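K.L.:
My request is simple: use the sequences and hints to build the entire structure.
Sequence lines, in order, name chains A, B and C. If you're matching positions, the first sequence starts at 0 in numbering that gives the first Met the number 0 and goes up one per residue. If you're matching positions, the second sequence starts at 0 in numbering that gives the first Met the number 0 and goes up one per residue. If you're matching positions, the third sequence starts at 0 in numbering that gives the first Met the number 0 and goes up one per residue.
In case anyone wonders, no lab produced these hints; they're calculated from the structure. Be aware that one or more of the hints could be misleading.
[What the hints assert, rightly or not] Counterexamples of contact, computed for chain C against chain A with all Cβ distances above 10 angstroms: (1) Pro44; (2) Leu46; (3) Glu56; (4) Ala195.
[Said to hold, decoys possible] Simulated restraints on C-beta separations: (5) A:Glu73 - B:Gly14: 42 to 52 angstroms; (6) A:Leu237 - B:Glu306: 22 to 32 angstroms; (7) C:Leu98 - A:Gly100: 27 to 37 angstroms; (8) A:Asp282 - C:Asp164: 53 to 63 angstroms; (9) A:Leu56 - C:Phe183: 25 to 35 angstroms.
Remember, it's a predicted structure, so these values are computed and weren't measured experimentally. Just so you know, even glycine gets a beta-carbon here, dropped at the ideal spot from N, CA and C.
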Amino acid sequence: MSNDRHYPALSARLASGRVGPLWALLFRLAPPRWSEYVLTHWTGKKLVIAMPYLWLLLFFLVPFLIVFKISFSEARIAMPPYAPLLEWAGNQVVAIKLNMGNYAFLLTDDLYATSYLYSVRVAAISALLCLLIGYPMAYAIARSTPTWRSVFLLLVILPFWTSFLLRVYAWIGLLKSNGVINNVLMALGVIDTPITMMQTDFAVYIGIVYSYLPFMILPLYANLEKHDQTLVEAAADLGARPLKTFLRVTLPLSFPGIVAGVLLVFIPAVGEYVIPSLLGRADQLMIGRVLADEFFSNRDWPVASAVAICMLILLVAPIMVFQRIQSRELEARR
Amino acid sequence: MHEYVRLDGVTKKFGDFVAVNNVTLSINQGEIFCLLGGSGCGKTTLLRMLAGFDAPTSGSIFIDGQDMAGIPAYERPANMMFQSYALFPHMTAWKNIAFGLEQEKLSRAEIGKRVGAILDIVKMTPYAQRKPHQLSGGQRQRIALARSLVKRPKLLLLDEPLGALDKKLREQTQFELLGIQESLGVTFIVVTHDQEEAMTLATRIGVMNRGEIVQVGTPPDIYEFPSSRFVADFIGSVNMFEGRLIEDEPDHVRIRSDELGAHVYVDHGISAAPGATVWTAIRPEKINIARERPASEDNLVHGIVKEIAYMGDMSMYLVQIDSGRMMRVTRPNIVRQSEDRISWDEAVWLSWHSSSAIVLTQ
Amino acid sequence: MRSRVVSTSALLIGFSFLYIPILSMVVFSFNNSRLVTVWDAQNSPTLKWYYELFSNEQILGAAWLSIRIAAMTASIAVVLGTLAGLVLARFGPFKGRTLLSGMTTAPLVMPEVITGLSMLLLFISMEQLLGWPKGRGVLTITIAHVTFAMAYVTVIVQSQLAGFDDSLEEAAMDLGARPAKVFFRITLPLILPAIASGWLLSFTLSWDDLVISQFVAGPGSSTLPMVIFSKMRLGVSPDVNALATILVLFVAMGVVGGSLWMHRLEKRRARESQLAASDL
Numbered sequence: 000m001s002n003d004r005h006y007p008a009l010s011a012r013l014a015s016g017r018v019g020p021l022w023a024l025l026f027r028l029a030p031p032r033w034s035e036y037v038l039t040h041w042t043g044k045k046l047v048i049a050m051p052y053l054w055l056l057l058f059f060l061v062p063f064l065i066v067f068k069i070s071f072s073e074a075r076i077a078m079p080p081y082a083p084l085l086e087w088a089g090n091q092v093v094a095i096k097l098n099m100g101n102y103a104f105l106l107t108d109d110l111y112a113t114s115y116l117y118s119v120r121v122a123a124i125s126a127l128l129c130l131l132i133g134y135p136m137a138y139a140i141a142r143s144t145p146t147w148r149s150v151f152l153l154l155v156i157l158p159f160w161t162s163f164l165l166r167v168y169a170w171i172g173l174l175k176s177n178g179v180i181n182n183v184l185m186a187l188g189v190i191d192t193p194i195t196m197m198q199t200d201f202a203v204y205i206g207i208v209y210s211y212l213p214f215m216i217l218p219l220y221a222n223l224e225k226h227d228q229t230l231v232e233a234a235a236d237l238g239a240r241p242l243k244t245f246l247r248v249t250l251p252l253s254f255p256g257i258v259a260g261v262l263l264v265f266i267p268a269v270g271e272y273v274i275p276s277l278l279g280r281a282d283q284l285m286i287g288r289v290l291a292d293e294f295f296s297n298r299d300w301p302v303a304s305a306v307a308i309c310m311l312i313l314l315v316a317p318i319m320v321f322q323r324i325q326s327r328e329l330e331a332r333r
Numbered sequence: 000m001h002e003y004v005r006l007d008g009v010t011k012k013f014g015d016f017v018a019v020n021n022v023t024l025s026i027n028q029g030e031i032f033c034l035l036g037g038s039g040c041g042k043t044t045l046l047r048m049l050a051g052f053d054a055p056t057s058g059s060i061f062i063d064g065q066d067m068a069g070i071p072a073y074e075r076p077a078n079m080m081f082q083s084y085a086l087f088p089h090m091t092a093w094k095n096i097a098f099g100l101e102q103e104k105l106s107r108a109e110i111g112k113r114v115g116a117i118l119d120i121v122k123m124t125p126y127a128q129r130k131p132h133q134l135s136g137g138q139r140q141r142i143a144l145a146r147s148l149v150k151r152p153k154l155l156l157l158d159e160p161l162g163a164l165d166k167k168l169r170e171q172t173q174f175e176l177l178g179i180q181e182s183l184g185v186t187f188i189v190v191t192h193d194q195e196e197a198m199t200l201a202t203r204i205g206v207m208n209r210g211e212i213v214q215v216g217t218p219p220d221i222y223e224f225p226s227s228r229f230v231a232d233f234i235g236s237v238n239m240f241e242g243r244l245i246e247d248e249p250d251h252v253r254i255r256s257d258e259l260g261a262h263v264y265v266d267h268g269i270s271a272a273p274g275a276t277v278w279t280a281i282r283p284e285k286i287n288i289a290r291e292r293p294a295s296e297d298n299l300v301h302g303i304v305k306e307i308a309y310m311g312d313m314s315m316y317l318v319q320i321d322s323g324r325m326m327r328v329t330r331p332n333i334v335r336q337s338e339d340r341i342s343w344d345e346a347v348w349l350s351w352h353s354s355s356a357i358v359l360t361q
Numbered sequence: 000m001r002s003r004v005v006s007t008s009a010l011l012i013g014f015s016f017l018y019i020p021i022l023s024m025v026v027f028s029f030n031n032s033r034l035v036t037v038w039d040a041q042n043s044p045t046l047k048w049y050y051e052l053f054s055n056e057q058i059l060g061a062a063w064l065s066i067r068i069a070a071m072t073a074s075i076a077v078v079l080g081t082l083a084g085l086v087l088a089r090f091g092p093f094k095g096r097t098l099l100s101g102m103t104t105a106p107l108v109m110p111e112v113i114t115g116l117s118m119l120l121l122f123i124s125m126e127q128l129l130g131w132p133k134g135r136g137v138l139t140i141t142i143a144h145v146t147f148a149m150a151y152v153t154v155i156v157q158s159q160l161a162g163f164d165d166s167l168e169e170a171a172m173d174l175g176a177r178p179a180k181v182f183f184r185i186t187l188p189l190i191l192p193a194i195a196s197g198w199l200l201s202f203t204l205s206w207d208d209l210v211i212s213q214f215v216a217g218p219g220s221s222t223l224p225m226v227i228f229s230k231m232r233l234g235v236s237p238d239v240n241a242l243a244t245i246l247v248l249f250v251a252m253g254v255v256g257g258s259l260w261m262h263r264l265e266k267r268r269a270r271e272s273q274l275a276a277s278d279l
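P.N.:
Written as C-alpha cells, this is what we have:
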C-alpha cells in the first residue's frame with residue numbers, strides 16, 4: 000500500500016479505474032519505482048517499434064559495419080583470418096591499424112576492375128532485355144479482360160514460386176551442345192554442327208532474363224493497371240493516333256514502373272553469382288563470383304570485404320532511387 | 000443553459016502550419032453546433048482534437064467540466080461519426096454496432112437489447128446481418144450513426160455526416176437526424192462545408208477561416224448580420240461594394256461608393272469614423288428590379304440586363320450597372336408564365352430597402 | 000485490331016519463353032536415358048528417376064531440413080514484418096523512421112553475395128565476442144533468411160495497410176477499444192490476407208535460397224538448393240528433373256487452387272454488392 004503514498008497521481012489513476020487489472024496487480028506487487036516507470040514511460044508503442052527495429056539493426060546494419068571494418072584489416076593465416084584493427088601496442092597505447100592495402104590491391108590487379116565493368120554491363124543488358132520482353136507483356140496483361148488478367152498474372156508468378164535453381168538447371172538442358180535446342184536445329188537441318196551456347200555471355204543473359212522477368216513484369220503491370228483509360232480516350236479524342244498516344248501518354252506515365260522494374264533486375268543482377276557460375280564464361284568472372292572465390296577459395300576475408308564494399312558503393316545510388324520510388328508508391332496509395 | 004464543451008485558446012500546429020489558431024468556444028448541452036468552413040480551414044482538426052485523435056499544441060479542451068488533456072480517445076465521453084463512416088469491413092452491421100458496447104463489458108443480453116433498439120431507431124433492423132459492402136450509401140450512413148449513438152454518448156461528433164449522400168436523401172436524413180437528436184438529447188458538433196446543411200441542422204454556427212473562428216451565431220444571425228466580408232461572402236451570395244462613410248448619424252448613415260456609382264442609405268448607425276472605408280453588402284434576393292424608376296433618391300442604380308439564369312424556383316439576373324460593375328439579383332418565379340418578363344439587354348432600375356444593406360468595417 | 004495482334008504475340012512469345020524450359024524438364028523426367036536431353040524412345044516414358052529420387056537419402060534429408068527452415072523463417076518473418084509494416088504505415092513520424100524504412104527496402108534488392116558475406120562475418124564476430132551462436136547451422140541460416148524475408152512481409156503488409164482508411168482504427172478507439180484491442184479486433188483481421196501471402200512468400204524465399212545459405216551454413220546443414228547445386232556442378236543428373244517436376248506440380252496445384260478459391264470469394268462479394276445496389 001505504500002505505493003499509494005509515493006505516487007498520488009498513480010493511485011488516482013488506479014482509483015478512477017483507468018488502469019487495467021493486470022497493471023493494477025503489477026502496481027500492487029512491484030517495487031514502487033518500477034511500476035511508476037512502466038506506467039509512464041514504457042508504452043506498448045515503443046515495444047512494437049523496438050522489435051523489428053532491433054532485429055534489423057543487429058542483423059542487417061551491423062553486419063555491414065563489420066564488413067566495412069574487416070575491409071581495412073590485414074589478412075593473416077589464423078582463425079579468423081584477419082588482423083584486428085585495434086591492437087595493444089604496449090604501454091596502454093592503442094594502435095589503430097587502418098589498412099588501405101586491400102583497396103589498393105583491388106586497383107592494381109585489373110581482374111577486379113574488369114569484373115566490375117563486366118558485371119555492370121551484363122546486368123544493364125539483362126535489365127534492358129527484361130524491359131523489352133516484359134513491357135509488351137505487362138501492357139497486354141493490363142489491357143486484357145479481368146478474368147484473363149488474373150490468369151496471365153498467375154502464369155507470370157507461377158515460375159517464380161518454383162525453385163530458382165531448377166529453372167537455371169532447365170536451361171542447361173536446353174543450351175548444352177547435345178541439348179534440346181541443338182538437337183532440334185540439327186534434326187531440322189538448320190545447322191550441321193552444334194552451336195556452343197553454354198559458357199557464353201548469351202547463356203548468362205538468358206539465365207538472368209529468365210529468372211528476373213517476373214520482377215520486371217509485376218511492377219510494370221502494377222503501374223499500367225492503375226492508368227485511367229479515359230486518358231487514352233482523351234488523347235484519341237484530341238486527334239492522337241494510337242502510337243502517338245502510347246508514346247506521349249502511356250509511356251511517360253509508366254516511367255516510375257519502368258524505373259522500379261529496371262532497378263529490381265539490375266541491382267541484384269550485378270551481384271549475381273549462381274547463374275554465371277552455372278552458365279557463364281570461365282575466362283571472365285562476374286564480381287559476385289570473384290567475391291565468393293576470394294572468400295571461400297583464397298580465404299582472403301579482408302579482400303572479399305573490400306570487394307563487397309566497392310560493390311555496395313557502386314549500388315548505393317540505384318538502391319536509394321529504388322527506395323525513393325518504393326516509399327512514394329506507398330504514400331500514393333493512402 | 001448548461002455549458003458542456005469548452006475550448007480555451009486551442010491551437011494546433013503541424014510543423015510550421017497553423018491548422019487551428021487560438022480557438023475559444025463554448026457549446027451548451029443539447030445544442031447542435033455546426034463548424035462551417037471551406038476545406039483546409041481547420042474544422043476537421045478541431046473535431047479530431049475533441050475526439051482525442053490529435054492533441055492541441057496549446058490551450059485546453061473541457062468536456063463536461065473535465066480537462067481532456069492526456070485522456071485518450073477510448074476514454075472520452077464523446078463518440079464520432081466519420082466522414083468515410085469507417086465501418087469495419089469484416090463485421091456485419093450488427094457486429095459493428097455492438098463493438099462499442101463490447102468494450103464496455105456489458106452482458107450479451109444487454110448488448111442485444113441496445114443494438115436492437117438503436118437499429119429500430121435508424122430503421123435498419125432488416126439489414127442487421129449484412130456487411131458494409133452489401134449496404135448502400137444511405138444504409139451505411141445509418142449504421143455509422145447507430146454505431147456512434149449506441150454507446151449513449153453525451154456528445155456526438157459528426158464529420159460531414161451527409162456529405163456522401165445525394166441531394167434527396169440528404170434532405171430527408173437531415174430531418175431524421177434532428178428528430179433523433181431531439182429525442183435522445185445528445186449534444187451534436189457537426190463539421191460541414193455545406194452551408195445549407197449547417198443552416199438546417201444547427202442551433203448555432205461557428206464559421207471558420209484559416210484556423211480561426213470568425214463568427215459564431217444562429218443561422219439567421221450569420222446570414223443577415225455577418226460580421227465580416229469573409230462571412231458575408233462565404234455564406235450565400237452577395238453583392239459587395241467598397242465605399243466611404245460620408246454621413247454618420249445615430250439613426251442613419253450614408254455611404255458614397257464609386258464602385259456602385261450611387262449613395263447607400265442605411266437606417267441604423269454604425270461605429271466607424273466619418274470618412275472611413277467601409278463595405279456594403281446586399282443580398283441578391285433583397286434587390287428589386289423594375290423598368291420604371293422608383294420614387295427614391297438613395298439605394299437606387301440603373302443598369303442593363305446581361306444574363307438571365309432560369310433556376311426553376313427563381314431566376315437570377317446579372318445586371319451591368321452604369322459604373323460598369325455587375326450585380327446579381329434574384330426574383331422568385333411566382334407565376335408559371337408571364338408575358339411581361341424582363342428580358343436580355345433591357346434597361347432596368349435596381350433598388351433596395353434602407354434596412355437591407357449590410358455595412359461591414361472589416 | 001493491329002494492337003490486338005501485337006498484344007497476343009507479346010504474350011505468346013513471353014509465355015513460351017517462360018514455360019518451354021519448365022516443360023522440357025517435365026518431359027525429360029520421364030526419359031529413360033541417362034543422357035538427360037536425348038530422348039530414349041524405346042524405354043520411355045519411365046518412372047525410374049522418381050524411384051531413384053525417393054531412394055536418395057541425401058536429397059530427402061536436405062528437403063526436410065529446407066522445409067523446417069522455411070517454416071520457421073516464414074513464421075518469424077511474418078511476426079517481425081507485420082510489426083514493421085504496422086509501424087511504417089500507422090505510427091506516423093518518429094525518430095529513426097527513415098532508417099527503418101531503408102532497412103526494410105534495401106534487402107529487397109541487395110545482391111545476395113553481400114548479404115551472405117556480411118551475415119557470416121556478423122555470426123563469426125558474435126561468436127568471438129559473445130560465444131553465441133555456437134558454430135553455424137540451422138539457427139544461423141534461419142536468422143539470415145528471416146532478415147531478408149521480413150523485408151518482403153513488411154512491404155506487403157505496409158501496402159495493404161496503406162489501402163485501408165486509418166479512420167477504421169480511430170473509429171474503434173473512439174468506441175472505447177484500447178490500442179492492443181484495436182490491433183487484434185480491427186487491424187489484424189484486415190491484413191490477414193497480406194500476412195498469409197507474406198508467410199507463403201517467406202517460405203518460398205527461404206526454400207529457394209542458395210547463396211546466403213552457402214555463406215552461413217555449417218557442416219551437416221546442407222539445404223536442398225545447396226545439395227542440388229553441388230550435384231549440378233558435377234554434371235546434370237536426371238533425378239533433378241524428377242524433383243523439379245514434383246515441385247512444379249505441387250506449386251501449380253497450390254497456386255491454381257488458391258486463386259480459384261480467391262476468384263470464388265470475389266465473385267460472391269460482387270454478387271452481394273449487387274444486392275445492396277438493388278434495394279436502394
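K.L.:
Take the hints in turn and mark each one as holding or not.
P.N.:
Cross-check of the supplied hints:
In this structure Pro44 of chain C is separated from chain A by more than 10 angstroms, as the shortest Cβ-Cβ distance comes to about 17 angstroms. With 10 angstroms as the threshold on Cβ separation, the claim that Leu46 of chain C sits away from chain A holds: the shortest Cβ distance comes to roughly 19 angstroms. No Cβ of chain A approaches the Cβ of Glu56 of chain C within 10 angstroms, the least distance being about 20 angstroms, so the stated non-interface status holds. Consistency note on Ala195 of chain C: stated as away from chain A, and its beta-carbon is indeed over 10 angstroms from all of that chain's, at 14 angstroms minimum.
Distance hint check: the CB atoms of Glu73 of chain A and Gly14 of chain B are about 50 angstroms apart, consistent with the given range 42 to 52 angstroms. Range check, Leu237 of chain A to Glu306 of chain B: Cβ separation about 30 angstroms, and the 22 to 32 angstroms hint holds. Checking the proposed 27 to 37 angstroms range against Leu98 of chain C and Gly100 of chain A shows it holds: the Cβ atoms sit about 32 angstroms from each other. A C-beta distance of roughly 58 angstroms is found between Asp282 of chain A and Asp164 of chain C, which places it inside the suggested range of 53 to 63 angstroms.
Evaluation of the 25 to 35 angstroms hint for Leu56 of chain A and Phe183 of chain C yields a pass: the beta carbon distance comes to about 27 angstroms.
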